[in-house]
Every structure is written in C-alpha cells, then in structure tokens.
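Number of protein chains: 2
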Amino acid sequence: MKNFADKLVEAVKAKGSAICVGLDPRIDKIPKFLKMKAMEGGEHTPFGAAASAILEFNKGIIDAVKDLVPVVKPQIAFYEIFGHEGIKCYEETLKYAKLQGLLTIADAKRNDIGSTAEAYAQAFLGEVKIFEGDDEVVSPVFDADAVTVTPYLGWDGIKPFVEECKKYGKGIFVLDKTSNPSSGDLQDLEMKDGKAVYEIMGHLIDSWGANDIGENGYSFVGAVTGATFPEQAKRLREIMPNAYFLVPGYGAQGGKASDVAVCFGGGNGEKGLGAIVNNSRGITNAYEILGYPEEQYPQAAREAVMKMKMDLASVI
Amino acid sequence: MKNFADKLVEAVKAKGSAICVGLDPRIDKIPKFLKMKAMEGGEHTPFGAAASAILEFNKGIIDAVKDLVPVVKPQIAFYEIFGHEGIKCYEETLKYAKLQGLLTIADAKRNDIGSTAEAYAQAFLGEVKIFEGDDEVVSPVFDADAVTVTPYLGWDGIKPFVEECKKYGKGIFVLDKTSNPSSGDLQDLEMKDGKAVYEIMGHLIDSWGANDIGENGYSFVGAVTGATFPEQAKRLREIMPNAYFLVPGYGAQGGKASDVAVCFGGGNGEKGLGAIVNNSRGITNAYEILGYPEEQYPQAAREAVMKMKMDLASVI
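Read top to bottom, the protein sequences are chains A and B.
Per our numbering, residue 1 is the first one in the first sequence, and the count goes up by one each step.
Per our numbering, residue 1 is the first one in the second sequence, and the count goes up by one each step.
These are calculated hints, taken from the structure and not from any lab test.
Quantities reported herein were computed from a predicted structural model and do not represent experimental measurements.
Among these hints, one or two may not hold up.
Since the list gives no way to pick out one identical chain from another, each pair is judged satisfied if it fits inside one copy or across any two copies.
The calculated EDC-like cross-link candidates involving lysine to aspartate or glutamate, where the alpha carbons are at most 16 Å apart (straight line), are [as the list claims (entries may be wrong)]:
| hint | residue 1 | residue 2 |
| --- | --- | --- |
| 1 | LYS32 | GLU288 |
| 2 | LYS59 | GLU136 |
| 3 | LYS195 | GLU238 |
| 4 | LYS271 | GLU10 |
| 5 | LYS32 | GLU132 |
| 6 | LYS13 | GLU127 |
| 7 | LYS129 | ASP28 |
| 8 | LYS129 | GLU295 |
| 9 | LYS37 | ASP135 |
| 10 | LYS32 | GLU303 |
| 11 | LYS95 | GLU127 |
| 12 | LYS167 | ASP143 |
| 13 | LYS95 | GLU132 |
| 14 | LYS159 | ASP311 |
| 15 | LYS98 | ASP63 |
| 16 | LYS29 | GLU163 |
| 17 | LYS37 | GLU132 |
| 18 | LYS29 | GLU136 |
| 19 | LYS192 | ASP28 |
| 20 | LYS95 | ASP28 |
Kindly generate the complete structure, drawing on both the sequences and the hints.
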C-alpha cells in the first residue's frame, strides 16, 4: 500500500504545483445561470437545486484546473448546510474529482472519542460494513484520500484515523496552528516549560506520524498550519520534519507567497515539497475578482491558478 | 426569545430527570427484525436500508423514554457513516424527537474558522437562505436545540454559533474536559501560571457565555465535562458557575453516579440543575444488557432509564 504522502509527492511533481483548490461553494457566489438551470423544470427541492448548481459549478472548476493542481479540498460545511442533499453533492464532488485524476482532501475537521472517531474514519477514508451473513455489504462512503482532523481529544481520537490510513493508503492533516485571527486563544498559550500549545501539538503530531513515514521522508500524518502565521509555521517546520503541511490562509485571508515559503521543506529535502497551499475563494470566485462574465468562471479559475503558481514559484 | 438554558431547566423539571439519551446507533446493535424489515421489498439501497432500520429503532427508543427524559443527543458520526442517506435519517430523527416534545442536542463537535463556522451554525441551529429575489427560500436544516462544538480555534469559531443561539433560542456545549482516556494529552498540560489547559478552557467558556445568562442563572453556552474525570469536573464547576454541563461517560465508559454528582450545581443553586448526564449504549443496547428479546428493546430502554433515574437521584 503506497503511503499517502508519497502519492501526494507524485501528484505535486506530475502537476508541477503545490496548489490545493478549496471547493467551498457559497451559494450567493454561484453564478446565476447555474442556479437558474438547476431550478428549471421544478424537479428539485430548493436544497436539491442548490446542491445541483454547486455540483455543476464544482465540475466546471475541476475540469478547468485538473492539469494544473494535484489536489482539491471541498469544505464539508458548505455542503452540510443543505442537509442530506448537500451531502450527496459532497459525495459526488469527491467522486468526480477522483475520476479526473485529482487527490481529494475532505475538509471536515472531524474528531471524537475512540469508538466515534472510528465511525468518522471509516466514513471518510475507509469502508463501511453493514448487515451480516448473506446480506453483508462493504462499501466506501466518501472515499476521500485524506481528511482534516482536530486534536483536542488527544491520541484516542486520532488513532482510528491512522488505522484507516494504513489500511487504505490514506492521509490525515491534524490542526496545529490555524489561520484564523483568534487561533491564539488556545494555541499560543505558554506552557510551564516555555513552549506554546501549538509547539506541544507539533511534537504530538510528529510522534503520531513517526511510524508511518514514506519513501520521500513524509508521514501520512500531516499538519494544518495557517499561512497567516509564518513565524509559528517556521518553528513547526523544525518540530515536524516528517509532516506534510496543509496551508490554508493564502489569498482571501491575507497570507502571501513569502509567508507560505517557510512551510516547505522537511522530508528528503527535495525542493518544492513538504507543503500544499490551499486557495478557495481566490480561485472559485476568480470570475468576480478578475472581472470575467460569470459564464467564464472556469477560465477565470484557471487564470487564478496560473497566477498563484507563478507567485509560489517565485519563493520556493 | 427564551434562553436555551431556561428551556432545558423547564424540561428537566417537567420530566423529573437530568438524563440525556444518546442515540448513537451502531448497525450491528440494531435488532435483526428491524434490519430485515428495512430490506424487505428491496426498495432501499444498502445504506438506505441501514438508515431506515436506524430511524425505526430511534423512534422506538424515543417513544419509550419521552415521558422520562428532557433531551436526546444523536451522535452524527453514526449517521454520516451511511453518507447522505444516513444524514437524511439524522434529520428525521431530530424532527421526530422534537415532535415528541423532546429537546435535541446535535452531537457533531463542529468547528472551523469564522466564515465556515457560520455555515455549520446555520445548518445545525439556524436557518439557511438560498437564492434571491422571487426565488428566495429560507429554511431550517437540522434545527437542533443545541450542538456540541470544539474549542481549538478559539473565539472566532464559537462566535457564529453564539449568534445563532441568540437569534433562535438555541444552545451550544463546548468541549472542555472530555471523557476519553487520552483527553489529558492536551487538556491536562500545565500552563505557565500553573493552571491546566482544561482550566483555561473553563475560563474561556465562562467568558464566552457571560453575556447570555438566563432566568435560572445559566448561560446558553454550556460545557462538555466527562463523568470519567470527576476531580476535574469539580474544579470546572467552580470555574464556570453559569455553564450547564453536558456529561458524557456515564455507564459504558465507566462513569458512576457519584462521579457525576459534582457536575450539578451553579446557576441559581436549585438542586438537580446544572448538568445533563448522557447515556447512550446503556439505554439503546439495554435489551442485550438486561437480557430482553430484541423485539422488546423499547421496554428494555425504558427500564434502563428508570434505573439510571434512581441511580442519579441517590446522589443529587
């Protein structure tokens, strides 16, 4: 079973970029023509129509960028907001991205006590068994390549995910220093030994992934480190030499290419590896930002990715 | 708009118990006769059949205990594991419980950066707006009375939930000291000032709820404190006099009535208030534990609740 980190390295090299496209569809930013189309014929419920418009939108984005980026990351909150119809769209988005040769990160920030985390891990990364005997069915559910998880409950809540990763060649990204303004409320607090909480968390994540390091020197246990806190990210790069970093906060949240540069490194030392930089709104809303007519949102997304690629290339 | 904590107090008094029934349906513990029934006719997909059996099971439990308990807490992981069909079952379980006069806590442990947390908060507690102009639709999605949230991202990730709580008379329970064995990995670490992380978190939760205290002296910002760590819970009761505690870990996880006793208190000082004690497997799997035939799982659940009621009454 190939280690997820090795799959990621392979995809980064094949596409020549370390960009992750965040598929966080806000319904008010979905082009009107897609919403109109979804409502035609009245076959959908309102939530179903929203979900249908979003799926169409996502496919357009995926088609436009699939040769330029290794991975997409749909944020489940923007699907769950439409209930089970939104979740169906989430499943279909993941499936379509995979069919187009992209790796997928389910941005779900799931976690719970062991027996519950096991259910999440099976749903997002593994397979689910139902019924017994002649009626037994084993099936994947979301079948993402990786999922984001929160660390507040410690190892118990991480272990079931690690087990699925091993079994299915999947990965996790554990929140460490997040990109939001108040991330310091807890993460920056100073411990007795002088370290900050995010540093302690870095050591924990490093230890959680220590047994599962692939050919390129990276573990399938990665970390989330926000582009908005480059100093802390630099420190975390030292603490976790074997963790691949998933870096949110570039673009709309204020992170610049120079800020994310420190997230690269680690592993076998090869240039351009060690970090995947996410951009959501800057790519999916590019038609607004770059002044394209809404029908040309895929072209706008492609242009935004090309620009980001050059921007990142200037610093790594 | 009535404060959620006041609604909870009212329900606790009306039902004469502080018990929360956890609806965490593991498919291998769902009685066979319900699974057979769900598969009859072959109208369902396998996940749809599982979801259908679970909904039927939940309705049986709810009907059997609705006059004895104020609140139920379905754990979303055990529904999400069946994809969108599981989520539909989750929506229907919440709706059915509400129709039967029960309060509902969506145990989802959601959280994210501000703009994403907003989507979760609308989905679980508020309403979702789709489309504009003549096509505008505003609709609740899960419409739970409260939701559990994780605190790792600080205030940014909590604020959107607090806003929905204010607007819709809903509540949140923020993870503080969780019931799992490894909860201390992060939560027990000692800070520079000698306090543990869970104590700092207690002060934060206390401050997050300080503006929203109801008639009974409790805020709609509650806390999750595991029954398996009574010493820490006692300390947290002092730190958060206005927080209602949601207490998991009683029963299957090892917490005893004497352990949960320290979670009660605070507020206006009235006896029997300040904590809701959850029991999942001990009630939903009672037919196995107490040796009932599986068809009588509702009667078994009822007996388990009655026993738990007496057990709790002996200490509070």
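Going through the hints against the structure:
no., hint, verdict
1, LYS32 - GLU288, "within (13 Å within a copy, 54 Å between copies)"
2, LYS59 - GLU136, "neither (33 Å within a copy, 25 Å between copies)"
3, LYS195 - GLU238, "within (14 Å within a copy, 28 Å between copies)"
4, LYS271 - GLU10, "within (13 Å within a copy, 62 Å between copies)"
5, LYS32 - GLU132, "between (47 Å within a copy, 10 Å between copies)"
6, LYS13 - GLU127, "neither (29 Å within a copy, 43 Å between copies)"
7, LYS129 - ASP28, "between (38 Å within a copy, 9 Å between copies)"
8, LYS129 - GLU295, "neither (42 Å within a copy, 23 Å between copies)"
9, LYS37 - ASP135, "between (40 Å within a copy, 13 Å between copies)"
10, LYS32 - GLU303, "neither (21 Å within a copy, 56 Å between copies)"
11, LYS95 - GLU127, "within (15 Å within a copy, 28 Å between copies)"
12, LYS167 - ASP143, "within (13 Å within a copy, 37 Å between copies)"
13, LYS95 - GLU132, "neither (27 Å within a copy, 30 Å between copies)"
14, LYS159 - ASP311, "neither (37 Å within a copy, 34 Å between copies)"
15, LYS98 - ASP63, "within (12 Å within a copy, 43 Å between copies)"
16, LYS29 - GLU163, "neither (38 Å within a copy, 23 Å between copies)"
17, LYS37 - GLU132, "between (43 Å within a copy, 15 Å between copies)"
18, LYS29 - GLU136, "between (43 Å within a copy, 15 Å between copies)"
19, LYS192 - ASP28, "neither (47 Å within a copy, 46 Å between copies)"
20, LYS95 - ASP28, "neither (24 Å within a copy, 28 Å between copies)"
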